[in-house]
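Could you build all of it, start to finish, from the sequences and the hints given here?
Spelled out, the chains give:
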Amino acid sequence: MGFVVSPDALAEDPHFYLDCISCHQGNQNAADKAAAHKGMIKRPSDQPETSCGQCHEAISKTYTLALHYTAAGMKNGVAPRFNAAEKKLFDQKVFEQSCRSCHASCGDCHVQSPVVSGINSGLLDGHRFVKADESKTCALCHGGRVWPEFTGDYTGVPDVHYRKGMTCTDCHSGDQFHGTSGAASGRKDVANRPSCTDCHDIATMGKDSTQETHATHLEHVSCSACHVTSEYRQCSNCHEGSGATAKPGLVLGKSPRNPKELTTLRLIPTVRDTFKHAGVTMSNYDSLPNYWDAVPHNLAKRTDRTRDCNACHVEGAHYLQTSDLPEGLSLKNLELVP
Amino acid sequence: MKKLALLLVLAALVAPAFARDVDAIVSADWLEANLGNERLVVLDVRKMDDYKAGHVPGAVNAMGLYMAKNDLSNEVPDAEDLSDILAESGIDANSIVVVVETDGARFTWATRVAWTLVYAGVPNVAVLDGGYAAWTKAGKGVATGFESKDETEFQVSFNAAYFADKAYVLKNLKKAQILDVRAYDTYFGLAKAAFVAQFGHIPGATSLPAAWITADGMVKPKAELEAMVKALKLSASKETIIHCDSGVLATTWWWILTQQLGWTKVRSYDGSAQDISKDPAVKFVKLTWK
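As you go down the protein sequences, you meet chains D and G in turn. Count along the first sequence from 1, then add 3; that gives the number in the working numbering. Count along the second sequence from 1, then add 91; that gives the number in the working numbering.
Worth flagging that the hints you see were computed from the coordinates, not collected in a lab. Note that the structure is predicted; figures quoted are calculated from it, not measured. A portion of the hints provided could be inaccurate.
Said to hold, decoys possible - Pulled a few chain D residues facing chain G out of the computed Cβ check, cut under 7 Å:
1) 138
2) 161
3) 168
4) 305
Positions of the beta carbon are idealized from the N, C-alpha and C atoms, including for glycine.
Below is the structure:
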């Protein structure tokens, strides 16, 4: 049996300038296990500022306000469905007990893979501190939707960016994960989140006809509406209570954040009694739709829509239809039908 | 003179199936010696992380060469998607492509890719014997990170004679030589994959397990493979359809029979048992002790 922290790791990784107890506490001079482990902290970076923050002060501070740590997007995303009393109850009985338990510590990305449903894949590389290892970290928490869509393991062919060797951090910078200063309320509020146009200058890219097509659609159609190539996961029931079901689908509809834009929509599985088990009702359930604008990470240069204008302009391929709307969900969904 | 001309014409019609600029199975030594060939594309089809951690110098990584589609597990991508993937990998019809999988245990996935390429119109394709494990075991050079080649204009042109769908199988059920390359227990109906609807095998199918092709992760000598086929009294002159559970294993014997032994009338059934077992009109046969 090898050691978790090997002599090689000690020699190579500057973090091991510190003793184990500098992060994990406990008593390194104790002779027996019980005494040595007394006061030990298994996951020191659950509290970033008092652990990693000893050296990485600024980044640990901003991270405590970042979405991966606060999970605030989950709370704020559903909040408009509650009245004030319901919201308070939700925060106490659901968010803190359930959603919030999914926050990522520093170590969940840099030391060991995060725990999902009680399971993880262990240390990333012994106990070495790793800058990024997306297939062992991002892929676990985002393994239901984004990652398998990106790699082609869910349906269709892999995303064109993955085929060219790119992984998460090639587009999503460290700042987005660590936060910058203020508390983010949701991923759409992250100022420096990536955009296709960071790399692709659509004014000059491609043939004349491509530039014309991009210019024509720019204000009305999102990039993903044309360039998502495969069906992606649509969850059709709540992930609490009775359990979730999902099936592949490619859905185009009006963006709930910008009704003038046609975009890819993903069904988010909050049903009317999602939080019933916790005694939380949603008096304002119909104030939010169940479909949300999403960018499935399964992009291609050519798709059925880029190859043939008729796909959208005649056939309305993939367009959300009133008859597609799941029964009993939000009345707001009707507003997203193109 | 007319007879000679006719023979030449016939020979020309038959020849392309055998015309290869590279053996169907190549060794690490051969690959190392040919890395400088401008026509060579080393196609590493392992997971991206494994490829980035170490690969044959100059190799490109490609994914998405088989995919779930139409309720079947392993299907050929649409022509335009496949064209894009191969073109991005720097492949065209003139390329010599060597497919690299993890090791001998993944030989079947290597032949699945190799079959797809030949079916798509790239005739000179080989499989690296023993996969990347054989390359590193032989102490050959290794590169890390991601490499790319100049994109080509390649457009796939499927060779229908290499492919069987359910309609073709049903039409030729009684006259074709059907080879079932799954394990014995599956063939005899003692076990089955969860996604296959019936135990047993297609009536009249002959068992020719894919597992017979390799030993210790390496492909057995050609003469030995040829002897197996001969012992089973299989005929190169008959229309032959190879199937397995989902169209991956089938490509192993397709590869050996067509690309190594020169058979010209062999099709791989892409949908395989996963597809045809759903048809109530096709009653699979199980082992019975008589």
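| request: Identify every previously stated hint that the structure contradicts and give their numbers, smallest first. | output: none
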